[in-house]
Structures are given as C-alpha cells and as structure tokens.
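Participant: Please build the complex by placing chain R on the supplied structure of chain F, with the hints as guidance.
Chain order of the listed sequences is F and R. The first sequence begins at 0 in numbering that gives the first Met the number 0 and counts up one residue at a time. The second sequence begins at 0 in numbering that gives the first Met the number 0 and counts up one residue at a time.
Keep in mind that a hint or two might mislead.
Footprint (simulated), chain R over chain F, 3 or more residues, beta carbon under 8 Å [claimed, not checked]:
1) 79–91
2) 99–111
3) 118–129
To be clear, the hints were calculated from the coordinates, so they are not data collected in a lab. Every value quoted in this text rests on a predicted model; they were computed, and no experiment measured them. Beta carbons are placed, not taken as given, at the ideal position from N, Cα and C, and that holds for glycine.
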Amino acid sequence: MNPAIRVEGLGKRFRIGQQQRYLTLRDRLAGILRAPARVLSRGANGTSHGRKEIWALREVSFEVQPGEVIGLIGRNGAGKTTLLKILSRVTQPSAGWAEICGSVGSLLEVGTGFHPELTGRENIYLNGAILGMGQREIRRKFDEIVAFAEVAEFLDTPLKHYSSGMQTRLAFAVAAHFEPQILMVDEVLAVGDLAFQKKCLGKMDEVARAGRTILFVSHQMNQIRRLCARVAWIDAGHLRMDGAAAEVVSAYESSMSRGNLGEALDRRTFGATARFLKWHFEGGAKGSNPYYLDSLGEVTVHFDLRVSTPVYHGHHGIALFNANRELIWGRATDGLRLQPGLHRISYTFPSLPLRPGAYFWQVSLWQDEEPIDQWDCLPEMIVATPNFQHPRDEWSGVLNVPSEMRLAELGELECAR
Amino acid sequence: MEYFDRQGHTITGIDNNMRLVGTPPLAKEPRVFMAMSISQSVPAQAPPLRIAPSRGLNIRLRELWAYRELLYFFIWRDIKIRYKQTVIGAAWAILQPFLTMLVFSLFFGKLAKLPSNGLPYPVFYYCALLPWSYFSGALQNATNVVVEQQRLITKIYFPRLVLPISAVLSGLVDFAIAFSILIALIAYYHITPGRAALLLPGFLLLAVLTALGFGLWLSALNAVYRDVRYVVPFLIQFWMFASPVAYSTALVPQRWRWIYGLNPMAGVIEGFRWALTGQGLAPGPLFAASAGGVVLLLVGGLFYYRAMEGTIADVV
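Bound conformation, chain F alone (with noise of 0.2 Å):
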C-alpha cells in the first residue's frame, strides 16, 4: 500500500522583502535613494536585493500511512503551519516535494469563507464549496451539520447576527463533516465553549477510528497525547523528533522546560560530606527507561549518595517539581544516622497520578541546619501514563487522578434517604 503522504527534503523559503506585507513602487523608489549603493551592486553579489532569506521549513521527510493519526507539535514559527500550508497546497515548496494518495482536505482556519451577509443556510453551501464538498454532498449532509452545530432555528439569519460562539459551531460543523480520506487540521479545536470542544474532539476520534488519514496540529499536549500514536517534532524549520507519541511529547516538554528553568537544574554541594549519584524507578518501571513513568499502579523511586564522613543529625528533603518549577509535592525527615559508605533513599507511592509531562526531583541532605547536598535530579522524570484529565490544558489541573464516571437513574425515594 502507498503511504498516503510522503514528503521527501521539502523545504520553504521566504525573502524577508516577501513577507513584508506589500510593495509599493514608492517603497521600491525610497529603497533606491536611500541605497542606491546596495541597488547598484546586487548585480555583483547574486542575491536579490541584498535581502536575506529565511529557510521556514528545511529538508524535511517522513512518510504517513493510510489511517495513521499524526500529531505535529513545535514552538510558534516552527514551521508547522508551512509544512500544512505546502501540503494542502495553498503555497509552493522551494525545495523537494511531497506526494500524496487520496483526496486532501484541509482546515487551517475554521469558517474560512464564511460571509456575514449570507445567511446560516447559505453559508453551510458555500463554506462547504470552499472546502470541496459538492453541492449534491452538502444536501445530503445537511441536516447531521445543523444539528451538530445546535443553529437549526437560526438558520436563515444573516451571519452577521450570529454570536461568535454560533459562529464558530457552524463553522466547525461544516467542515467536521467534510470527509476526505487525509485531514489536515491546524489548532482549530482551540476555539469554542468547553461542551462544544468536546463535541469537536470527539468527531475528531470518530474520524480518525474511521480510519481516515490525519495531521494535526495542536499546542494542547492533552490533545495531541488523547488523539494522536504518532507525533512529528518540528523545531526551527527541520524535522527534530518523530515517533511514539508518549515520548515525543515528553522530550518536547522537557526542552521546553529546559527553556523555561534556563540553568537553574543543577547541584549545590558544601564540603565533601555527601553528595547523591543517581536516581532512578525500581525495575526500571518496566525494565526499559528508568526515569519513565508509565503505569499509574504502585511505584518506588530510589535515590543513591554517598556518604564520606559520617552524619549524625541528618535532615532529607524531597520535592517534585513541574516542568515550569511550580512545586508539585514536597516531605522531609529528621534524625537521620548516616554511616561513610553507599546509601539509598527510598519512596514507594501507591500511585503517582500526575499530569503527563517532564517533572524532575528535588533531594537534599543537612545536618544541623547546614546544607550538605542539594540536587536537581538529572535526567528528568518523564510521566507518559494513561490520561484521565480534560482535553483542554487550561482545565486538566495538575493531578491525573484515574477516576470513573457512572450515570444512573435516581428514584425520588432513593433520593430522599
């Protein structure tokens, strides 16, 4: 079977003159007289203008299977949205090329199109058109798009009435019942109430278990991580990680995290008394990375130091921190008789019901109120367990608490009691 896309060195590159919004011959005159030096001598150098280039997207490859569901995730300007751009074709590469299998549809923006003259009704037709369903098509959807959307009594108001929310509904609503074999969707769940992002995410999983072909772009990690196997990091233009979508996220957050604690994750030792080696999970919570958390069952943390002159009032400290170094949770113990030799601190937690995502530990020793050993445990802990939170990040909190939810009929008298 062909892969549905293939992309092969693709790259993109801007001027910067090009992406300054427009040109007026004016701009071109005042350019000439305040350098007619540099005009002159463009000849000489080659490069047009003397302008710089910015490569947006640079050799990028990978390959996308039929009915894979591929997250693309990455800093603003990374190049996500140019490599969607390139691949739904509403611009050229500048190098190499891409080839795809089936029909494409493409949602960089929801309600492109939309006209606040029209009315819903006539909206549904056009936006539709837009994204390239035909007219027979949309009739015969009609109906699933104005009930998804909850417009039906609006539906021949200009959409200039509407309210942003409506607005938005129906311009989700169109475009989540456009059925290609390859979506391309770019941060579109963003928007909306909480009832209706759900609505959206959950048309977003009947798609994908249709087995349609997906590439989606998302800065929610809890989406990413709910909808997607497979995630591309892309990072300054070049493609930096692509894999399985636990791990990708995680290496993305923890760089990010990097980026936020600057140089703040490091070691502070007074005198030679003792100092910690390492940490890890027991069994290395399933044999493969120590530092992966990826069960929310019973676990046991370890902490290794030495000790070279013996501690008689030792004091420990243990805290987790989030990859923004908000403290999570923190605990110490007094009275700690410590020998010269190799120790081991252990924590064994029921469950560690934490958000997935890069966390690092805190340990330290003291004696008598004197700092010994304070370290920020390298590597970080990567949390990659099953997810029980809200889609949306703002509201997934910082615990993932496995919890169930039961809906039951209540009698009055039951009730009562």
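Facilitator: This is chain R only, laid out in the frame that chain F set:
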C-alpha cells in the same frame, strides 16, 4: 458516557495495576458516519498528487473544470451580497447605467449636440453604456478580487483562476437586468433590430474576454504592487474616452481610425449600436484584429497568472 483512549478502545474499567482495561477497537463496527463516506470514496489507487516547486508552464484547464462548482458558488455569492441591505436592491443594476444615460443625453446630446448617427440620444447612449458599465465593473472587480479574498487564498487551496473568472462573470447578471431597459427603450422609440442583433452575444463575449484578459494581469500585479488598484480607476476613465461611449466613432479622424479600431471595447460598443439599431459601423478587419489581440492577451494572462499562483499566498 464512554471514554476512548487513543487506540480506540472503550475504557470500561481499571484493573489492579491501575492500567486501563478496554474492549477491542470499535473501528470494525461501521457507523453512519462511515457508511456515508463509502459512496463518495475515490478509487483507492488514484495516482498520487505530487507537490513540488513548479517547473514549466501549464494552464491546467482540466483542474479548473473540476472546480466549476466552486466557480458557480463564488458567482452566486457575489450576486447574493451585491445588493444586500439596500432598499431598492437589484434596481441599482438598472439605475446606474440609466442615470448615466440621462446625464449623457442631456449634456453631450441636448447641450453639446454631438452627432448620434441619427439615433435618439437615450438609445444611442444606453447602447454604449450597457456594455461599458459591464466592462468597467468587471475589470475593477477582477483587479481587486485577489486582494479582497486574501484570507481565503492563504488558508485553502483551489485554482486561483476561479477568482478573476467569477469576478468577471458575476457582472453578467447586472448586465442582463439592465438589458431589459434597453429593450424597453428600443420599443419606445420604435426601432426594429435586424438580424444583426443575433451577433450581440458575440460582442458581449468579446467584452467578457477583454475584461478577463486585462483582469488576469492586473489582479496578479495587484497582489504584489498595491499601486495597481489606484491606477485602474484612472485607466478605466481614460479608456472610456478612448471608446465611443460618449460620442460616435464618426467623430474620430479617418487617419486615426486604425489605432482606434485596435481598442477592443471600441469594437464592442460600436458593434452593440450597429447590431441593435443598424446604425454606425459594422465590424470589419480591425475588429477581428482587436479580437485576436484580446485572445493573445488572455492566453498570456492565463500563463502569467498560473505562474504567480504558486507564491501568491506568500506575497498577497
């Protein structure tokens, strides 16, 4: 309520190790959603679409044909919104040329007493204003359409050619509405059009192609150089005086006629008068030459526009 993890398992519970327990994926169970998609599925092994930096020139008319429905929707939208929130609505399509006709009849006709080939002034001027107002409107719309639709262009793919074509074609509805007044005028003045009236669609077609030919160049240029949008109104004004709208071709000195005849709109307007009233100059070799020029301009415009297409989303 059901929860799904990303493999599509329904999460029904949690075992002792707090790992998720799920049912098998649901994908095998076709839902309404899936069943509907089957009917519209594309042959599985359609040749892959190749995306690469463009090389060589190709107008890709077949692709344009595939997007004809979008073209229809753009035209439909233009027509729908043109007179939204106006009191008299589509009557504006009639009033605009009609009022200009009254002004021309009064100043150029009654006061300046310009010759009108023996035709009543209202008929003489309306015959010319009808194709002219279509042409000037179409040219202006086509010039601005790429800039006006830049949001669409930067967010979604479709053959960009659809835009200027729809801008040029949507004016035809106004033309048709205003045409009814022309019929009324001709009836009022008891003028009987001859068989030449059957050539009217041909003249109209030349006006459409002229507007499109120039529109293609101007809209692509306008995307990069916004100067164009200020130049075009002036160009249109100048062009009107270079066409027999306000006067008769008979006023043009014989030795300049050949240059004058190369203006395709001069041929269109003169042709309209001739076809409807039998008065004025019948189309001759100059008309054919100007029509040939329009075709060249149009083909060149198509290639230029297609060449711009790949990067238009970056520069607009």
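Participant: Confirm or reject each hint.
Facilitator: The hints, checked one at a time:
Judged by the Cβ-Cβ criterion of 8 Å, the region 79–91 of chain F is covered by chain R as claimed, because 8 of its residues qualify and three suffice. Closer than 8 Å: that is the beta-carbon criterion, and the region 99–111 of chain F has 9 residues meeting it against chain R, so the requirement of 3 holds. Residues of the region 118–129 of chain F with a Cβ under 8 Å from some Cβ of chain R number 5, which satisfies the need for three, so the listed coverage holds.
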